[in-house]
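**Student:** The chain contents come next:
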Amino acid sequence: MNNLPAIRQYSDLILVKVAANLRSETSGNYLGYLWWIFEPALRMLVYYLVFGFLLRRGTDDYVLFLLTGLIPCIWFTRSVAGSMISIIQGKGLMMQVHLPKIILPTIRICQDAVKETVVIILLFIFLLLYGVSPSLPWFALPVMFVTEFLLIAASAYIISAVIPFFPDLRIIVPVGLQMIMFCSGTFYSIDMIPAQYHRLFLMNPVASLLHNYRNILLYNQWPDWNSLLFITAGSLVAIYVMWLVFRRLDHFYPRITL
Amino acid sequence: MRQAISVQNAGVHFSIRRSLFRKDIIPALRDVSFNLYHGDSLGIIGRNGAGKTTLLRLLCGIIRPDSGKIIINNNLKVTMLSLQVGFEPALTGRVNAILSGMLLGYHKCEVIANLDKIIEFAELGDFIDKPVQTYSSGMKARLGFAVALRLSPDVLLIDEVLGVGDAEFRKKSMAVMKKKLLSDQTIVLVSHSAATVKELCNRAVWIEKGRSIMEGNVDEVIGAYENFFAKKSRQAVNR
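Chains as they are written, first to last, in our numbering: chain A, 1 to 258; chain B, 1 to 239.
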């Protein structure tokens, strides 16, 4: 295969474009990059106020429980929702130059991953302030991030590839994402659902990821490696299939997004 | 003369989906054939809606033909001289030049190596480090043009962009284009202006309603094109 230089060329392009997009996104407001910290911090504050202060739901730990689930879950839903229309938005570009179209959603998910890094650092600070002490299983976190990134990429590729053919799905996808958010135990723990549904519940990869995040961060347990392996392998297969699909449709997208 | 690109009976139609059960089929190109040789400067002339832009998109590989074929010799790099590819208005001219060059298929280092030349050619001076949204439309166009023109692909496709910037810059771009022609650069120029094609090209193809009607020496083709429309407008006046 002689497309190695092409791959390098395009990965350079993705890096430059991600940096440019991030810069351009922040240049529109006065506080610039500071919003990367303020926005998620404000969001966390809202949840703290409502659940930790107003509702006093259950134990004090509920805020921790909530944030350790909510933050990875929001990363997933936001990134997938954001890349959903990346192909349609890239219409102007693809009419001017020939690009492998898979680059368009990739740029978006990389952009989100960079921003998510800041949020995760914030989460760590919050956890430490709250008196959670790091333990050995925290070393599994990078694996968790990679797994989640792959899952996001796989979902984003599938959805962004389909949307140009069925633009109406743009309305359905956010509803579906909200459903995933509610079905993944963001707001409740797995113990609150009947035991016979646990297997079914954890078949949802997002639910399984959140479960593992909490086991690591809150209960000092190692993640369930089997489920991580399963998600990673599934995502990699999906990414490979979508890569082939995008390659087939490369010359077709400029026509339908006309 | 070595052949660079050969277009054989190419046809393209777009189908536009209106709703679940309705779609419109719009034929953009029906039957276009011509040959492009190395060092050629080929003018594609035709009225609005003749399919010129679709033809350029076909040539640089954005879309593929539905019928007929396009043969491009040993992976030549064919690039459309598109203005302001992927410009981000909030970023500086320098960043945008690099981004644009990379989108056109060049390596980051190649673009950076040519950056001084690009900036000089675009006549932007200190403005290069200001956000593109502060530029006048002429400045923007000049930067885009400079990026595309300074990085020479094997085959350069141009879509009537010579009306860029003020008179002086236009003259300068014309001069560069002419120099490129003499230096053996292969060019395809699309235009509805007979004068432009005559000035810059040595060969021409006339396209009418998605069909190539005539291919050959520029003077012959342009002569026939002008005659045809002169006759047509005479008829219209007489009626």
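Be a bit skeptical, because a hint or two may be false.
Derived coverage of chain A by chain B (criterion: at least 3 residues anywhere in the stretch with Cβ under 8 Å from a Cβ of chain B; other residues may be distant) [to be verified]: (1) 7 to 20; (2) 46 to 53.
Simulated pairs of lysine-lysine, DSSO-like, Cα-Cα distance not exceeding 27 Å [what the hints assert, rightly or not]: (3) B/Lys179 with B/Lys198; (4) B/Lys172 with B/Lys117; (5) B/Lys69 with A/Lys115; (6) A/Lys115 with B/Lys179; (7) B/Lys180 with A/Lys91.
In case anyone wonders, no lab produced these hints; they're calculated from the structure.
We put the beta carbon where it would ideally sit given N, CA and C, even for glycine.
**Student:** State for each hint whether it applies.
**Tutor:** Results for each hint:
1. Chain B is given as covering the stretch 7 to 20 of chain A, and this holds because 6 residues of the stretch bring a CB closer than 8 Å to a CB of that chain, at least three being needed.
2. Here the stretch 46 to 53 of chain A counts 0 residues with a CB under 8 Å from a CB of chain B, which misses the bar of 3, and the coverage is violated.
3. For a cut-off of 27 Å, the pair hint linking B/Lys179 to B/Lys198 stands: about 16 Å separates their Cα positions.
4. Only pairs whose Cα atoms come within 27 Å are accepted, and B/Lys172 paired with B/Lys117 is accepted, the gap being roughly 14 Å.
5. Of the pairs offered as hints, the one joining B/Lys69 and A/Lys115 is violated, with about 45 Å between alpha carbons and a cut-off of 27 Å exceeded.
6. For the proposed pair A/Lys115 and B/Lys179, the alpha carbon gap of about 47 Å is over 27 Å, so the pair is violated.
7. Between B/Lys180 and A/Lys91 the CA atoms are separated by roughly 31 Å; this puts the pair beyond 27 Å, and the hint is violated.
Hint compliance for this structure: hints 2, 5, 6, 7 are not met, and every other hint is.
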